Structure formats: C-alpha cells, structure tokens
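Sequences listed follow chains Y and Z, in order.
Using this note's numbering, the first residue of the first sequence is number 1, and each one after it goes up by one.
Using this note's numbering, the first residue of the second sequence is number 1, and each one after it goes up by one.
Quick caveat, the hints were computed from the structure, so don't treat them as lab data.
No experiment lies behind these values; they were computed from the predicted model shown.
A few of these clues could be false.
What the hints assert, rightly or not - DSS-like, lysine-lysine: derived pairs with alpha carbons at most 25 Å apart: (1) Z:K190 to Z:K57; (2) Y:K46 to Z:K225; (3) Z:K190 to Y:K197; (4) Y:K197 to Y:K46; (5) Z:K190 to Z:K225; (6) Y:K177 to Y:K207.
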Amino acid sequence: MIGDVIERSLRQRSPVIPVEALVGNCDGSRMPEIVADRLTEEVARKLVEVCPTSALGMYELEDRRCLRLSYGHCIGCGKCADAGQGAVVVARNFTRCGVAKEQTVRLWDIDGRAEMTPLAPSPEEARGQIHSLLQRALNVRQLDAGSCNGCEAEITALTNPYYDLERFGIHFVASPKHADMLLVTGPVTRNMAEAVKATYEAVPAPKLVVAVGACGCSGGIFAGSHAIVGAVDAVIPVDAYIPGCPPTPAMLITGILEVLRRRIAK
Amino acid sequence: MREDTPSLFPNSGRASSGTAFTLPQSEDGGAARLVTIFGSLDPHGARRVRYVFDAGKPAYSEIVLPAEGPLRSIAREVPAAAWHERELHDQYGIEIVGHPDLRPLVFHDNWPDGVYPMVDRVDDVPWSKRDYRFLQVQGEGIAEVAVGPVHAGIIEPGHFRFSVVGDTILHLELRHFYTHKGTEKLFEGKSAGDGAMLAESVSGDNCFAHAVCYSQAVEDACGIKVPPRALALRLIGLELERLVCHISDIGGLCTDVGFSVAAAYATRIKESLLQASVQCCGTRYWRGVAVPGGLRFDFDSARVAELAQAVARAFRDFSKIARLSLETPSIQNRFEAAGVLSREAARDLAVVGPVARASGIDLDVRRDHPYGRYSEHPIEVPVTHYGDVMARARIRISEAAVSARLIQEAAKSLPDGGVFTPIASQGDVQGFSAVESPRGELCYWVEARGGRVTRCHIKSPSFQNWPAMPLAVAGNIIADFPLINKSFNLSYSGCDR
Ligand code: SF4
Ligand code: SF4
C-alpha cells in the first residue's frame, strides 16, 4: 500500500515553486497599488472615506497635499479599488515584506501626481540578492498573539510541497528557546499580552521579531478594540513587518528572506 | 424566525429567584436543541436575553426575556447553556441564579470586576489582577499538567489543564478566550456592508462561511432577495471551504500520528485548491467576495468551470490518499477507540457539525434549515455512532465527497444574471441566519438601524463544541490528546471572538 504511494510520488513532478517565482509575488493577496497619474484630490478624498482601516489618509506636507497608504494597516478589502476610478488597482507584485515600518508607508503628491517615497526594490532586484542568503539556517518560532487563524493557515502552507520552506534551511521550531526569529501574528489581545512578553523573553539573543499580517503590523481590523492591547510593537520590539490580510505564502517567504538579507547586510 | 411567547414565572417554586421559562420541546417530545443564548439592549438601553432553539422544524424558535433583574440558569437542565450564560454574565453583567460555575469565561485575570463591555464604556479599562481557580483534582498519584496558552507548533493559543494518573487523563479543564478581540462589540456602528469584513476575520479558515452567514442575517433583516447567480456562487464557495478544511483535517490527523506521506499529499491537494481559487476570484480563501445583497463582483463562468475541474482532480487524489490512510493498520490502531464522545454527552452539550454526526446526532443546517440554493440540491448527511477519532475522520471524508459533488452540480447549472441587490438603508431591523460551516452550525443575529449595525451576535460551532472535548479525552492517555484535539478541529478565534 505504502508502495503505491511512493510509486506515485516518483512518477509525479515536484510541485515546488522556484524561489525566483516567489520573491515579490503577491497573487491572491488583494494588496492595492496606486496609479499616480489618475490621482485627483476628489478621488483621494473618496479613497480615504471608503477605507475601513486607516490605511489611507490625506496629509499636508510642506504645503503639498499628500495621499498616504500604509500597507501595515491595509486588509486588502478592495474598497479603494472599487471607488478609485482607475486610481487604484490590485498590485501585481509586492516587495514591501520583511521591511522596516517606514517602508510599509507610501506617500503621493496629489497635485503633482507623483510618488514622494522611495521606490521599493523591483522583484528582479529583490531576487538578485537571494542566492547569497540560501546557505544559512534559521529557526523560526511562530507565535499567535490573538489572530483570526487566517495568518496561521498561510504560515502552515509554507511547509507544503509548493513552498517547502525547509529547502532554504528555514525550520519551524517548537520552543522559543530554540528560535532565532519570532513570527508574530494577530493583534496582541489583553489576554495574550503577558504570554507574548514571556515568549519574547524566552528567545535567546540575538533575536529577530517579525510582525505578520495587518493585525500584527497595526491591529488591522481589530484596531481600537477594548479587548486588544494593539499591534505587536505595542508589546515587544519589532524588527520587520509583513503586511497582508493574510499575507500569502509567497509574501511570507519574500519577507523572511528580506529580514535575513537586512540582517546580513548590517 | 418565529417568536414564542415565553411563559414567565419569576420567583416560582422551581428556582429560588430569577426570571425563567418553560424549555421548548422538539417534535418527538424530547428537549429542543439549544442553538444559542445572547444579550442585547432594547431601544431604552434595557438588557434582554434571547434563547434560540431548534425544535426540529425548518424555522428556529426564539424566546426573549427581559434581563434587568436576575435570570434563572438553565444550565442544570441544559448543560449546553453553561458557557453561554457565563458569557452573558461577563459581557452584560446579567445576574444568573443557580449556575453551577459562574467563574469569568471571556475575561481573564487582567480584567477588573464589574466592567461589562456590552453595557459599559470601555475606552480605557484599567489593568487588574484577579484570581482564577482551576478545579483541583485530589488523590494519591494525581499530577497536574498545564499546557499553553503558547503551544509547540503553528497553532492558536489556549490553556489546557490536565489532571493525570500516570499517562491517563482523569480530567481536562479548558481555559480559552486568549484570542478574545471584542469582535461583537466592534460590529457596533459599522455599515451593514463593512460588517462582512469583520465577519471574515472571526475565524480565518472559515472566513467565507462567516461572511455568508453575516450577509444572510443582514439580508433577512432587510428583506432582500439575493440574485440566484450570487447564491450559486456562494454555494460553490461554501462547499469549497468545507472541502479544503476536511482535506486539511485529514492531513493534520495523519501528521499527528507520524504518517507523513499522506500528510504531505493532503497539504499539496489543499494548496492546489487555494491556487485554483486565486485563478477564479483573486483570493485564496474567498475573502472580500460575499457582502450583504450578494457578491462584491461577478465571476467569469469559464473560470468557475476551471475551478470545478480542479476540484474534481483534487477530490480524486484526496479520496485515494484518504482510503489508503484509513486502510493502514497503524492508523487504524491510533484512530479507533481514541477520544470517544458519547451520544448522550454530545446531545447534552448540543454539539454540532462533523463532531456531532460522528457521535450519532443527525444534524445538518443545509438539509434541516435550507438557505441559499441548498433546497435545490439533495444533501446526504453521513452519520455514524462510534464517536471516536476514526468516526470523525470518516465523516469528514464522506462529507468531502458530498461537497465535491455539489460544486460540480452548481458549476454546471450556474444561473445568468446579476450578483448583487443593493440594500436600502432601513429603520430598526433584525435578522437571523444559520449556515453549516465546515465545523458545523454557525449563526449570526444582526440588529441594524438606518443601515448601521447596532448589535451582532455570533454563535460559532467551536464555542458550542469546545466544552465537549474534555469529555472525549477523559480516560485516554495524554499522548493521544493532540490527535483527539485535531479530530475535533475547533477554532480558538472562532470560539473566543
Ligand atoms: S484595500 Fe487596503 S487601502 Fe484599500 S480600502 Fe481596503 S484597507 Fe484601505
Ligand atoms: S491579518 Fe487578517 S488574516 Fe491575519 S490574523 Fe488579522 S484578520 Fe486574520
């Protein structure tokens, strides 16, 4: 019986997705992308009005009116794309994963119809650097600080034969004492705050903390609830952020590799 | 929903005090199944409590009691009410008389006494330190094993307190609600449309069932008819979600007994379905698809046909793996007779979903209380009475077959036309809806005023089923706990909300 299975395995092609096709990929995440030359003040106002989290906002900066998009707050609901009259589309690629908080925020000069924040690396640029990273081991401990389990489902998918995280030398470990990196999902609930701190303390230094998902990055759709403390960085220090609700497995891999790259570049 | 006139007998002989009512009966003369109990405020801000029962008729029945004064607990006659009443006490400060265990359920040691989020202001609740006493099992050779809230693995948080003799579990006490996010309160003030996004974040792996159930409740409240094409696409999404969940559960069970080959296949098949969903509707878990009134966007019929093909392939592979697993002696050895939940216990605790059906309770919302397009498709409901891990695995495998068939049928006969009926903002409205989610009966009750939600109650199958788990693990060895837990596959976030 087990023989049949092994025979089948041998006959089938491996479904593993090459790392080049994963880095920067965000299919299925519904992350928005702004089309700068379609921006008008009226459209920008409309976008800010429909956004259910505070991912979109308008600012005055040095006398210029700006639109701000904070991916860490974005739940990918697509309401901005519905209301944006062509000024918002679904992103085709996304490399702002595993980055510092500032890099999850983008600003556009509305009247000048141009982006003011530096461009993120293109998927090609991001991919160009990954091979140097793939010779190390990393132990990851996932910590659910109160998520809806959507982020867990996608993190679990990282071990399936399509993503096969183990091929990069990245392992999920059972104990925080064995971990180099904490991957923290969910808004930190009041009831979990103490356990989150204790888990963080249990990870030996040097440690990396990555906030995962809109909830982990900003509280997401739960921001402002009486039963949560806030985003992960309201409770423990965070090194990097992976937006998305939930981030897709490809975004998670992009993010984890980016954290490693930044760590090595230091 | 039909409202029964409650027969009130405050301060009657049966209870020392507290408002009470006669428990409804089902058609066959037995007690009606408790569906949910929840509080709300009337237009004057006075607390009231709704009890929803399933008396074996297509419509659920509802009893509403004023709750400014004490209520008599029904938990002794209806054990399934115990957690519901504890939550009422925590959230509304309603006095429950005669409850066997009124320790705080939802709020932990950090929450101050006397603050009730559904009636009080909770902008800045101080941190506190109150005591919580676990049940102490005493006797020679009894040891306590405390596990969680943080577990070893990619799992949600919860606390398990085992009292063991050697390896054998004498008693398990659960402490949950670590992921409580005040979700029901967060619905207040949301527009009816935006509520769907919050519903999607109640239990991420069942997000589509939550979004559809919430939407149906709003549609019931506003008296909206959803276009047939949207209903058919919803049916496809709901059945796909069930299929994905059941495949994932069988894989998880194999993982827990170290049968890695089948486990890896299951994750591969599951992923193929998620990727097929991206091709079909741009999202892996069908987030942002359902909305009150129908769907946010239409689907390309050719893409739906491709999805149906992917489902057919996935199901073919899955049934082979599933059969092979269950025929493997080492799997049979671990699955059979492990974690037996008796029919009586399942009935007392009003357990729902695959767990109930594996313990001899014949129950399925799709057949018993049809919604959407389900009345047009015959649903076979697999039921078995063994109540062990094997029974729960077999039920899931049989259900996966039904889901795969329903997806094919719906995809072949996809109606034309629009997918959305706009919702006119209305006065004071209330609506109820139930959906057979992958974990069982899921209910939403929504109250709205002028198009804004004023109250939303969520009865998740996990909230209903968690209390049954300790009964299934008692007498088993502690090493079998992860397997039994997986065979229930309950959501922590769905329970805790
Ligand atoms: S997709 Fe993101 S930015 Fe756009 S409206 Fe939704 S939450 Fe806001
Ligand atoms: S980010 Fe989205 S998927 Fe992740 S926990 Fe929060 S609500 Fe769930």
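### Query
When you check the alpha-carbon spacing of K190 of chain Z and K197 of chain Y, does it fall within 25 Å?
32 Å, violated
### Task
For the pair supplied as a hint, K177 of chain Y and K207 of chain Y, confirm whether the alpha-carbon distance does not exceed 25 Å.
10 Å, holds
### Task
With a cut-off of 25 Å on the C-alpha distance, tell me whether K190 of chain Z and K57 of chain Z pass.
33 Å, violated
### Message
Next pair to validate is K46 of chain Y with K225 of chain Z; report whether the Cα-Cα distance is within 25 Å.
### Response
Roughly 29 Å between the alpha carbons, so the hint for K46 of chain Y and K225 of chain Z is violated.
### Query
Is K190 of chain Z within 25 Å of K225 of chain Z, Cα to Cα?
Status holds; Cα separation ~22 Å.
#### Entry: Distance restraint between K197 of chain Y and K46 of chain Y, which requires alpha-carbon spacing of 25 Å or less
The hint is violated at about 40 Å.
Taken one by one, the earlier hints fail for this structure at numbers 1, 2, 3 and 4, listed in ascending order.
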